[in-house]
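Chemist: Here's the letter readout for the chains.
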Amino acid sequence: MNAMGPIDQHRVVITGIGSISSLGHNVPTIWEGLTTGQSGIEKISRANAEMLHVKIAAEVKDYDPADHFDEKQLPFYDRFTQFALIAAREAIQDSGIDFQKDDLFEETAAIVASGVGGWTTIDEAFTRMYETGQARAHPLTVPRLMISAAASQVTMNFGLKGPAFCVSSACSSGNHAMGEAYWMIRTGRARAAVTGGSEAAFSIIAQRAWESVRVLAKDKCRPFSKGRQGMVIGEGAGMVIMERLEDAIARGAKIYAEVAGYGLSSDAGDIVMPDQKGGEKAMRIALQSAALNPEDIDYINAHGTGTQMNDVTETAAIKGVFGNHAHALKISSTKSMHGHALGAASALEMIATLKAVETGIVPPTINYGEPDPKCDLDYVPNEAQEMTVNGAISNSLAFGGLNAVIALRKHA
Amino acid sequence: MTDEEIKKKIYDIFEKEARVDRANLTEDAVLEDLNIESLDMVQILFGIEETFDVYVPQDDENFKLEKMSDVINGVKQLMAEKAES
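These protein sequence lines map, in sequence, to chains A and B.
Residue 412, in this note's numbering, is where the first sequence stops; the numbers in between run on with no holes.
Residue 497, in this note's numbering, is where the second sequence stops; the numbers in between run on with no holes.
Treat the hints with care, since some could be wrong.
Cut-off 30 Å, straight-line C-alpha distance, at most; resulting in silico cross-link-like pairs (DSSO-like, lysine-lysine) [stated by the list, open to error]: (1) A:Lys43 <-> A:Lys55; (2) B:Lys419 <-> B:Lys494; (3) A:Lys319 <-> A:Lys254; (4) B:Lys420 <-> A:Lys55; (5) A:Lys55 <-> B:Lys476; (6) B:Lys476 <-> A:Lys218; (7) B:Lys476 <-> A:Lys374; (8) A:Lys374 <-> B:Lys479; (9) B:Lys494 <-> A:Lys43.
Don't read these hints as lab results, they were simulated from the structure.
So that you can see chain A by itself, here it is in the shape it has in the complex (with noise of 0.2 Å):
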């Protein structure tokens, strides 16, 4: 294959998945705290959470990396780049990919974004710096604090030699890298990909920073709900091997569904506040790529972060873009659940839209009370819904106004 070559046409889709958040350390539990309406959102553990306004944050719960690195390995890994590893093993594993066969390795991508990389490696690092003054640093600090890390990493423990790096875009970094790679496959760039995001950002310093921007909720995530108060921080990994359908035909792959398409806009407004505009755009955008009609989709996993000003703004695009229909889609956002994951937001919520493909249940918004007259569509409150899911989208409307919007089709 000539990497530079012509531009070629093929269709792409999703064989295998992983992740880690917290609502579990794999995709069956993660699926089955998802569609049981289960919180991953608890008072702050892994630091003194009375040093802090808000004590709440999704974390992953009962992790030791021992149980899935050995001491010799560890070292190398920052929490971010373990995520990474973890849902990359496991969505390897569940598509039963051979990497070696026709050394499909040399053209498998590796796209795997964070928002922030290796934030526990560089907290450790200033502390131990500017609090201790020990002026030495550990040898092993950039190669673990790279935004980068994760995707190296990737690529080195699972022998991935096509293209490779990190993309990072705030809340819509994972939608952005997987984008990238089904571009790629479907323009003839790779054959297969493992790609999604991870993030594990948090510290003492980083909730105190996201208190100042006062956009954190107190108690819970009430996306789309009256008197909602904000998102919640969380952490985790969503990972997804893409391949050609005719690669994964003749392999008698099992297909959760197709990638149809990818829309990308920017806001070019507000360093923080979303525009209709921009969101509408990306969701066309998507579709048109996806050749779907608005009537075609039938589920959003929406950007729902909570805030008063996301849900607003993304309700009032889903109706600019789908008209009437908008009130016949089941909405949902699954931040209800396993809070904001910033960089790998898009990954956690693309797991949950390809199991609503895969099954035909639909994921809650949890936390949903009193209905806001501004946001009046149908967002499955509380219980999950059992529906055939032909069509869905899965939004990400980022911080700083960099939108994407990846549309998937029913593999029949």
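Given chain A's structure and the hints, the job is docking chain B onto it.
Modeler: What follows is chain B alone, placed relative to chain A:
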């Protein structure tokens, strides 16, 4: 700090962070009418917290900031609470 000094420092913060015309900064001023952008408001709150060394609570029913007098009285209340603790 005298009441006058508190008021002056608060007006300084509004002027600096949100470029509000000093002439519009009166105790009766309605904050919404000052057309302050949300990110500027967040920075005003930060400026208040830094200047007076207090924490301005969020989404607190007892601490609604609608007029400038709410802000001035709120700051005095927070300073008094801090002095007591």
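Chemist: The structure should be examined with respect to each hint, and the outcome stated for every one.
Modeler: Status of the hints after comparison with the structure:
Distance hint between Lys43 of chain A and Lys55 of chain A is fulfilled; the C-alpha atoms sit about 6 Å from each other, no more than 30 Å. Distance restraint check for Lys419 of chain B and Lys494 of chain B: the Cα-Cα separation of roughly 18 Å lies within the 30 Å cut-off, and the hinted pair is therefore satisfied. Our distance criterion of 30 Å between C-alpha atoms is broken by Lys319 of chain A and Lys254 of chain A, whose separation comes to about 34 Å. Taking the CA atoms of Lys420 of chain B and Lys55 of chain A, the gap is near 34 Å; set against the 30 Å cutoff, the hint is violated.
Taking the CA atoms of Lys55 of chain A and Lys476 of chain B, the gap is about 22 Å. The hint holds against a cut of 30 Å. Distance restraint check for Lys476 of chain B and Lys218 of chain A: the Cα-Cα separation of roughly 17 Å lies within the 30 Å cut-off, and the hinted pair is therefore satisfied. Pair hint Lys476 of chain B plus Lys374 of chain A holds up; C-alpha atoms about 22 Å apart against a cutoff of 30 Å. Among the hinted pairs, Lys374 of chain A with Lys479 of chain B is consistent with the structure: their alpha-carbon atoms are about 26 Å apart, no more than 30 Å.
Between Lys494 of chain B and Lys43 of chain A, the direct Cα distance comes to roughly 26 Å. Compliance with the 30 Å bound is thereby established for this hinted pair.
Comparing the model with each earlier hint shows violations of hints 3, 4; every other hint is respected.
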